[in-house]
Each structure stands twice: as structure tokens, then as C-alpha cells.
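K.L.:
Here the protein sequences line up with chains S and C, keeping their order.
Under my numbering, the first residue of the first sequence carries the number 1, and numbering increases by one thereafter.
Under my numbering, the first residue of the second sequence carries the number 524, and numbering increases by one thereafter.
Careful, some of the hints might be misleading.
[Said to hold, decoys possible] In silico SDA-like links for lysine to any residue, alpha-carbon gap of 20 Å or less:
#, chain 1, residue 1, chain 2, residue 2
1, S, K31, C, L550
2, S, K238, C, T782
3, S, K238, C, V637
[What the hints assert, rightly or not] Derived Cβ-Cβ restraints for the label pairs, each shown as a range:
#, chain 1, residue 1, chain 2, residue 2, range
4, S, K238, C, A935, 47 to 55 Å
5, S, M1, C, S631, 24 to 32 Å
6, S, P135, C, A935, 48 to 56 Å
7, C, G584, S, T15, 24 to 32 Å
8, C, S631, S, A218, 30 to 38 Å
9, S, K238, C, A578, 20 to 28 Å
10, C, E851, S, T452, 52 to 60 Å
11, C, A929, S, Q446, 51 to 59 Å
12, S, P135, C, R1056, 56 to 64 Å
13, S, Q446, C, G584, 51 to 59 Å
14, C, A938, S, A439, 35 to 43 Å
15, C, A603, S, Q446, 50 to 58 Å
Derived from the structure by calculation, the hints contain no laboratory data.
Note that the Cβ used here is the ideal one computed from N, Cα and C, for glycine as well.
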Amino acid sequence: MRDHVLLHINGRPTTVAGDDAFLTLSDLLRKRQRLTGTKVVCAEGDCGSCAVLIGRPVPAGDCGPGGMRYAAVASCIQIAFQLDGAHVVTVEGLRDGRGLNPIQQSMAACHGAQCGFCTPGIVVSLYGLMHDGRPAGAAAVRRELAGNLCRCTGYEAIVKAAVTTDRAALKSLDALYPPGPLAADLTAAAAEEVRVAASNGRSVYKPTTAAAACRFRAEHSDCSVVAGATDLGVVYNKRTRPITVALSLNSVAEFRGVRRDGNALYVGSGATLSDLERAAAEHLPELGRFMAWFGSPLIKNAGTLGGNLVTGSPIGDTLPALTVLGAEIDVVGTAGTGRVPIGAFYAGYRKTVLRPDELVAGIRIPLPAAGEAVKLYKVSRRKDLDISTFGAAIWTRQTNGTLADVRIAYGGVGPMVLRMTRAEDALRGKAPTLARFEAAGELAAQDVTPITDVRGSEAYRRALARNILVKYWHETTGGGGGEDDHDGGGTGDGTGEGNGRGAVSNTDDATDSRRPVIAASVG
Amino acid sequence: MASIGKDIAHDSAATHVTGESVFLDDLAPLAGELVAGFVPSPLAHGRLRRLDLSAAAAVPGVVAILTSKDVPGHNHFGPAVKDEVLLVEDEAVFIGQPLAVIAAESASVLHAAVKAAVVEMDELPELFSIDEALAAGAFIGSPRHMARGNLAAGFAAADRTVEGTLDIGGQEHFYLESQVAIAVPGEQGQMVVHSSTQHPSEVQMMVAEVLGVPFNHIVCVCKRMGGGFGGKETQAAQPAMMAALLAARTGRPVRFVYTKDDDMRWTGKRHPFKAVYKAGFTMDGRLTAVDLKLYSNGGCSTDLSFAVLERAMLHSDNAYYLPAVKIEGRVCRTNLPSNTAFRGFGGPQGIAAIENVLAAVAADLGVDPLDVRQANCYGIADRNVTHYGQLIRNNVLPELFAALRAECDYDARRAAIAQFNERSATHLKGMALSAVKFGISFTRRTMNQANALVNVYQDGSVIVTTGATEMGQGVNTRIRQVVADELGVAYAAVLVAATATDKNNNTSPTAASAGTDLNGAAAADACRRIRERMAAVAAGMLARPDDGLAAEPARVRFEENRVYDERAPDRAVSFAAVCCQAYEQRVSLGERGFYATPGVDFNRETGRGSPFLYYTNGVACTEVTIDRFTGELAVTRVDLIMDVGKPLNPGIDRGQVVGGFVQGMGWATAEELVYGPKGQLLSNSPTTYKIPGVADVPTDLNVRFLDNPNNDVSLYRSKAVGEPPLVLGLSAWLAAKDAVRHADQAAARDLALPATGERLLIALAGARNGSRGGIEESVPA
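Extracted from the complex, chain S is given alone in its bound form (with noise of 0.2 Å):
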């Protein structure tokens, strides 16, 4: 048992010990070392200015020869004791040599910066894009940007920049931190137990197995069970939370990965958001397109489905998708192991079932069969990088052009994530008319029971709890629709054309207004 946290930081070995274990990860890289091209703006990561590196070694065989595997997080809201075993890199160790790296040399030349203190977060955002070779479009760089906020520029000289990076100069980050000795070590740190005590009682304990973390939940009834720390380290930064004692998942093995199981895709808890996405974008397509909209890469680098489930807000952007496919949660005690149906596992507002030694194990989705399809839905203030108004998941089986079954689940309209029975009711077994369709997303309207808040009026919930499945309709059935793509990804614009800016490329794009199209099957 470790009683300190262990990491890299730009390459150099480096312990954490006492308080300084609770201290979010931009605090101990700009107060304690000095680091202080990391900058703090909104403190809840929703803005990327903070954004570093985090390598982590990955075992051989799994998905190659082993080494690091790095990612861009918000290290505002990570706290200093989940970067044991990790090895984390911060602008200041992405100098090549004493010049600038290719992309720095491009985001000065190109007046990627203005004011600055953005830019240290977007050049480390681009490093982790490009570092490892992957195909680096405007595209990709808008995408991988999401969660890069900046005030000056307008973006178009960032954009530009990254393009034009020479990418043949850029050095991987493996070739600037050689991976052989550096996993290594990462890795039988991983393998040690930790246990941190600090000031007023504050103590941290990271389990390496399951069971020992069930052990200590347990015991420690209240303490803070930590994964990503996306949400929790937002509450903490805001001090409407304390935390005293702590559980850190990072280590645990069993938690880790996204495998698909026959006609399913299993997530297990600690699996990252982007996990889930790279699994999604080939399993469950319908998910994968959704969840390029959901977070910025920044938090989907940290955040896992576990920890959204369990957070267990109603305008979680996962749950109305796992309520229709008809998610199932392994759920991981002392006592044993179980599986809860995804309906079964809130019992109210931000409540789950668990029992005081339970942990979520991993989530269990079933794919779509031959003639099922799902589509999903967010609308927020800002297409990227927000919280939901209004969540929805619509799930349908046909057969012979009737609606056998449907599923409809909303989140951001009630207290927890809601199916619309009376509306499903109303649908199922009948073909889908847009008659139909008005008269479910009547039903809807009358069942949800928003609230008024700031991301939008109760009026407003209301009417997109009917509109969507309208919308719905019109997208599928009713000769084509869909999304803009900011990217000019392209998709049907509801004329029934295609707008010729690009490739198709959702499943849920219908070119032929002729032609009745439901949402291409899935999986």
C-alpha cells in the first residue's frame, strides 16, 4: 500500500503527497510546479484552456504492442490523486527542443492566438489530434476543438492553422517521451494500491481490483466513488461539495473496455466516453454520430458512462438512448453480482438503487436487430460543449411498414429520464402516419412536466417534447430531414434533395422524398 500518488509529469517521475492529492490537476501543475502555461479560466471544463495530456499506459496484445496511449483532458476538474500511474503532459513539455513544434509554429504564423490565453489549451487540444499520425481534416480539427472556447479569433486562424501544420515535423509523443521505460513504470504503479490521508480528516483510497472497491464503499458509506471526475469536479471546484473520503476507480482493471457480447455492445463503467464512441461509430452508428455532439472531446477523454449513469441527471445525453435500447446495468457488491434493467435503476431525482457496497460494473446495450432502428435527439443552446434543454430517443421495430413497437424516452422534461407510453401506445402496432405522429407528440406534451430554468422555459420543453416526434416523422418517413451539419457533413435538409456540400454521411439521411425511409437499421 502506497501512501502517495505517483506520476509523470512531462516526462519526470513525481510524487504527490498530503493535501496536495486533493488539489485539482491545474493547481498542482501552475501552484505547486510552477507550470503555468496551463491556465484557469471557467474552472469546470467547459472551456479548455486548462487542457493537458494525460498518458496511460495500455497493456500488449490488447489492441497492439503496448506503450501510452494519451488524450487532451480538462485538468481543472481532475483531481490530483486520479493521475496516479499516469503520465501527464502540459504545454510547456510539447517544445521541440527550445523552437516551437510544428503547430505552434503554424498557430503563430497563421494569428492563431490574440490575446493568448487560450492557446496553450488549443495547442495542446491539436497535439493530442495529431500527434500519433491520425488523419487531421478541418473537420477533425473542429471536432476535436469542441471543448476550446475562444473569444478573439473567431476560431478561422486556429482552424487554418492546424491544417497546415507539418504534420511530417510533428513529433509523436512517444518519440518525445519514449514509451518503454515510462509504461513500465505507469504500470506497476497502476498495479499498487494507494492510500492518501491529508488534512481535516481528507483521506483517498484506489482499490486495483473491484472487490477491494466494494469493500470499501462498504465501509465508507459516504465517501466520493470517482471516476472521470467531469461532474464531480465541477461541484468540487465550486465548493458546493466537499470531499472527504474518497474512492478512486482509475485502477480498476475490471472496469475498463468496450466489447461487443453477441448482440450487444458491453461498456464497462470506467470506460471512457470516447471509449464508447470509437465502439459506437462501428456497433451502434445512430450513437456514435450523437455522441460527436456530446461533450467536447476534453471531457469524453475522462467522463465514462458509469459515471453518467450514476450522476444519473435527467439530461444525462446517454440515458434517453440507453432507456430505448433497453440498456441493463451489472451492478458489482459484496455480496455479488446482478443485473438491473435500466427502467428499474432510478429511483428519483439523481437516485439510484445501488445499495451502500454496490458499484456499476459495466452496461450492457443491445443492438438493434433487422428491422429495428434508433434515433436520438439533443437540442441546447449551443450545438456543441452544452447541456441539454431537451434530450430524446426514439427506438422502433417494423414490420411489413407498421410500427410492431416503439420506445420513446425524453430527458430534460421531468425529474429523471421518462418514457412516453401514452405516446409509444398510440404508435405501436399502426403505420406511421404524420397524423400519427402529431397526435403521439400530443400525448408527450401532456405527460412531460418540465420546469423552467435557464437553458429554456417550460413552454419551450413542451413543445419540443411535441415537435420532435414530428420532426421524427417528417426525417424519416416523411421524405427526408435531418441535422445541419456544421461541418457540411451534409445531411437532408427536409426538401427531399440532398445539398450537395458534402458526403452523406448519417444513417438517417434519406435522398429520395419518393421513397418512405426509416432510419437505416443499426448494428
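We have chain S; now place chain C onto it with these hints.
P.N.:
Just chain C now, kept in the frame of chain S:
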């Protein structure tokens, strides 16, 4: 010109991209440094009944707690009218107004101390909106007026009239670096205050006044800001004053850093406006009379509200000739943090009002709004005098309208959009081409002055300082370019040092887009005089009496580190050699330059004059797509032509244009300030207040400059560029109105800014036929 007009990278680019650029809170704490905070008023309007700070003072690590009684100098302050108190004496007038300031050993101590303060207040009647203030008759100051022509005759000559009311929302600056100051006490009551401010002189004066010391005791230093946008013109002073109070009391350095949430809650924003209009016009769309009332939400005190209102009134013509017009302006008093400068400074609000009128005229006549705009555009030979009496010289507006209309394929796209809207069941498109004519100069004549200090060293390197502050806009880069060319040295030989009030005194804020115009001209003045003296020295060095080449200073040229006599250009000495020789000969290599903008004046009482040296102009055509079922809006294409004269630095100017446009687009379509019933700002962080992200900027973004070498009144025929492009963001709102107009004529009229998804869905409700989306009742958030 060796560097003027060149696309030179921002002078901090290399350290911005590495993270080495030092912002205030990046400075390592000084020994003994304390952190500052305050006990905020929990009420928007309340009388202080009890303020018990004993428990707060008892928190270990609290070093000082001060209330208004402890202020050694003046507790009352304000940039124009001293109608604000720094620390509440009796009555708090906005949520978050400081009741007591605290210096503590650490942030957690500070937090505990603030929590331990006991505050009891009696609630007083509160006002938040313009409507509430109008109903209560709550105003700041008296009404302002501007008028021209005979309004009654103008209406009599009209074929038709439109009237209505437009609500224009405010805007959070969202500079990424929140307000911050570090006060370092010195000897004998002197103090150095590091501030992230656009106006170091004002911070200096306000700190001196709150401490009750002469101005010369305070040095305010600003190396750079992480964005300003007007939000640090006056309101950087509060944290600086509080830090200074605590530093003076404790004798220790004090740092005050606002969190982003607190900054958003506690500081003022762009003024919301309400525009009440009636306009008369002929059947060919020409305005004959405009009667306009502009009401701004000033918040709790004056701050810059009158100057903002004045600029709104001065821009209520925008690009259009108003033959008969009457404008009345009033500042409403409410219980919000005092609203303040924000890029555009009222100009955007005044322009929104007149653009809304022209859109209403077009809708009434059933014609294309662009035809109406062009019909009303200022003329070149006639119809070329503004409503306040300024002649528009070198008018490029008609040329800009015509050029963009052709370039962006406006008329063909107009037809395609109409077809699309007929066919699409799910989306609506809209497009608008609008203009900006933005007056350059402070409308207060006095402020149009600047000084610069240029010091040349014996190796030929140069340091320049001015009152200009760098907030990302590139003013330091431009000043370096000016100094380099004026002295004939390489750009790299010049450095711009931190702005500081002991080097440059009585400076104006870096504002009104005029930072380069004023300070660059002052620096050029200094350089010319240094060069004149150096020319005399160099003439002696270059003279060859034997060859018949007498020393003649007027023939000496300075170019790219070479100094030569134009009669013998092949034989040069280096700039550094001339510097050494000048030093040897006891010739001064330093100079203070000065500039006062010639000719500008404006009479605030009569509302007449020529307040502007020139106008910066532009046009933008923006296309949007709106989801009929959710109201969500996407900007899909922007074409923009900007007249910035001969750009000093095209790369930096382009950054200002695109960045300004996107900021304006955010204001016009997305950024919404949402308050709770007791005046608490609910949209108080980037989680709830959404500035444009990268995906909101269309990939189809076409920006170019107009080739205009005619601006003979400004530095190197350039034009100021900071604020004007922001106004063009209004084209996104006008495009949204255009889209809604396809569905419902009435709903498009007076569509409020910002055109959020919720507002658009409400507007589309009128067009709802069951299958086309919409919202049934409108319940504002």
C-alpha cells in the same frame, strides 16, 4: 515601408503558443502575499442592518477585514460621475456589491471567512428590466436628444409608416482572463498596482483616490490582458482598489483574482436596449422620417452609460441617410451591476435599431430588404451628411453594397432560398446583407490624445511605451511596426514594454478602436523627432567634403538599419553607429511624442458636430438555417468585405474582423443573459452562457478587404478595426428574421436579440399548422 502593411505575427505569438506569456495570475506569489476577496451583498437592493465580521475575523489566517469606514480616501468613485461606492455604506444596489473586503493567507481561509460573515439586510424595492425601470420612472441623469429636419413634414411626406418596439439583449464579455489585480505596497505610501486593465491611468487615479494619496504615489502597470473587449475599461478598477486598500492596511502584497463565475456575476455587461420606433417612408422604400427612442439598462450607476447611449444615438443612422429624425435617449437605473463598455460601445445597439426599421419597411412593402438598404444608403455627392451634421468623406458604402451583392451571388441565392422554404418541411433558410459605418474617435474630445515614450539605446535597439494596452488585438505589434519604419530599423530591433503610468501619464483607455490610431501617432511623433536629431549626427558622419558632399541632415535617410545620404546611397553607416555617435556628442536618444486628433468636436447639448475623424465601413451577407421543430439556428455561410483603409497588418486586421464578427454573431443569435426573480444571474458560467464555439462558425466564410487608399487623415492611411466588424454579426440576426418572415411576417417584425432557439420557435408559433413546429404559448424564461 519595411514593416507597415506586412503580415507580421503578433508580437507575443511565440510565447502565447508555448504558454510562456505571463498573465498576472501566472506570477509567482511574492513573499508574504495575501489573497483578497469580499463579502458580497446577497440582495440586489437592500439596506444593511447588521454586518458582523467577528467570526470572519477569527478564522485563522485572516489578516485584515475592512469596511467602508476603513477607507482612508474616497469610497465614492466612477469614471464619469462618482455615483458608485466601492464598499457598501448603507444601501446595496446590486447582488454581489462588496460589503467588506478580506485579506487572507490562502484561498481556503478566505472562503471560510466570507462564509463566516453575518449579513442582515432589509429588502428594498428592486428593478431589473428596462420595462420595470420605465414603469417606475427610474433613470440615471436626464434625457439626451439628437434631431434633424422637420419630423412632422417627414411623416406627412410618407406614403406609409411602420412602428414597433425592439428589445436588444446585453452580452457578457467573457474575456478568458477574469478580472485580476496585484497590489504591492512600497515606501512612504507609494504602491505599484499590477492590473489587467484597458485603462491604467484610471486605475492609478481611482486607487490613489481610494487610498487618499496623490496620483504620483501609485504606479499602475499592465503587461497584457487575456482579453478585454471593453470589460476592463472601467471595471478593472474595483479589484485593483480593493487589493490596494488591503495592501495599504497590511503592508503586504495582495492579489485579487475573480473566479469566472464571480466575474460574470459581479461585473457589468453590454447594455441591453429597448428601441421604440416609428418610421415614415415612400413607396420606393426611402425613409422620410424616423422617430426613435432608445432606452438603455444602465444598471446601478452611471459608469460609461452616457457615452454608450451617445454612441448608440450617433449610430442610429448606420449606413443610411435619415432626412428627418428625432432620437431621444435615456439611461434606466436598475439593480444590476453597472453596465459598461463592450466592443461597439452602444454602436451595435443603435445600428440594430435602424436595421430593424429598414427590415420592417421592406416587409411592409413586400420587397427585398437589401433593396431598401441600398435605397437609403448615404450618397457620395448628396445625402451625405449625418443627422448630427458630419459630412461623410470618401464614402465607400454604395460601392461595398454593390460589390458584395454581386460577389456573393445574392439574387440567385435569394431565389433558391425562397424555393427551399417552400419545399422543406423541416427547415427554414434566411439571408441578410447588412452594413456598418462606424465612427472612429472618442466622442469626448478630450480623450483623443496620447503620448509615447521612445528610448533608443547605443546598440540601436529601441523600447517604446505608450498608454495603449495589449489585450490580444495586436496594438503592440502595430506600434512596433510604426516605430521600426519611422526610425528605419528592423521590426525585431523594437520592443514594446509594459504599459505603466510612470512612463506614460494621463493616458486614455485603449478603447473606441483607437488604440493604434492615437498611440501609434504619438510614437511616430517621438520617432520623427529622434530621427531629426540623429539625422544631424549622421549627416556629419556621412559628409565627404573632399568629394563635395556636405553634411546635410535633410538628405539623410533611415532604412532597415542603414543610414545614408540620399545623394550617395551606396555608402551607409549602421543605425547603431549613429546611436553611438549621438551619445558621444551628447545628443538625446529619447523622446516623448504626443498626438491629439485634429478637428474632432461634438456638442453634447445640441447633439451636433463632427465627432469622428473618419468612418470604418463594412458589409456582410449571412445565411442561416433554422430547424422548424426546435428553433435551432445554424449560420451556414458568411461573405464579408471590410474597409479598413490600407491595413497596417493584414493578418492581425483579419483576425479582428473575423473575431469581431463571430463575437457579434454570438450576441445576435445565441448569448443570452438569464436572471432569476431576485436579480441573480443564472447564466453565470460557460456551462450556462454559450459563446460561439468552433462549430458555430461557418466553414463557408469569405472575408476580404476593400482596396481603399483614400483615408488621408489617419496613420499610414489605415483605419481602426477593433469594433466595427462586431456590428456585422447583426446580419445573422437579420437573416434569422428573414427566415422567420418566410413563415410569418408579423413574427419576424421586432424579433428580439438574441435570436435564440427558444425565441425562434416562439416566433414560428404563428406559422404553426400542426406539422410545422412552433410553440403554443410564450413563457419567457
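K.L.:
Indicate, hint by hint, whether the structure satisfies it.
P.N.:
Comparing the hints with the structure gives:
no. : hint                           : in the structure
1   : K31/S <-> L550/C               : holds, 10 Å
2   : K238/S <-> T782/C              : holds, 10 Å
3   : K238/S <-> V637/C              : holds, 14 Å
4   : K238/S <-> A935/C: 47 to 55 Å  : holds, 52 Å
5   : M1/S <-> S631/C: 24 to 32 Å    : holds, 28 Å
6   : P135/S <-> A935/C: 48 to 56 Å  : violated, 35 Å
7   : G584/C <-> T15/S: 24 to 32 Å   : holds, 27 Å
8   : S631/C <-> A218/S: 30 to 38 Å  : holds, 31 Å
9   : K238/S <-> A578/C: 20 to 28 Å  : holds, 23 Å
10  : E851/C <-> T452/S: 52 to 60 Å  : violated, 35 Å
11  : A929/C <-> Q446/S: 51 to 59 Å  : holds, 52 Å
12  : P135/S <-> R1056/C: 56 to 64 Å : holds, 59 Å
13  : Q446/S <-> G584/C: 51 to 59 Å  : holds, 56 Å
14  : A938/C <-> A439/S: 35 to 43 Å  : holds, 37 Å
15  : A603/C <-> Q446/S: 50 to 58 Å  : holds, 55 Å
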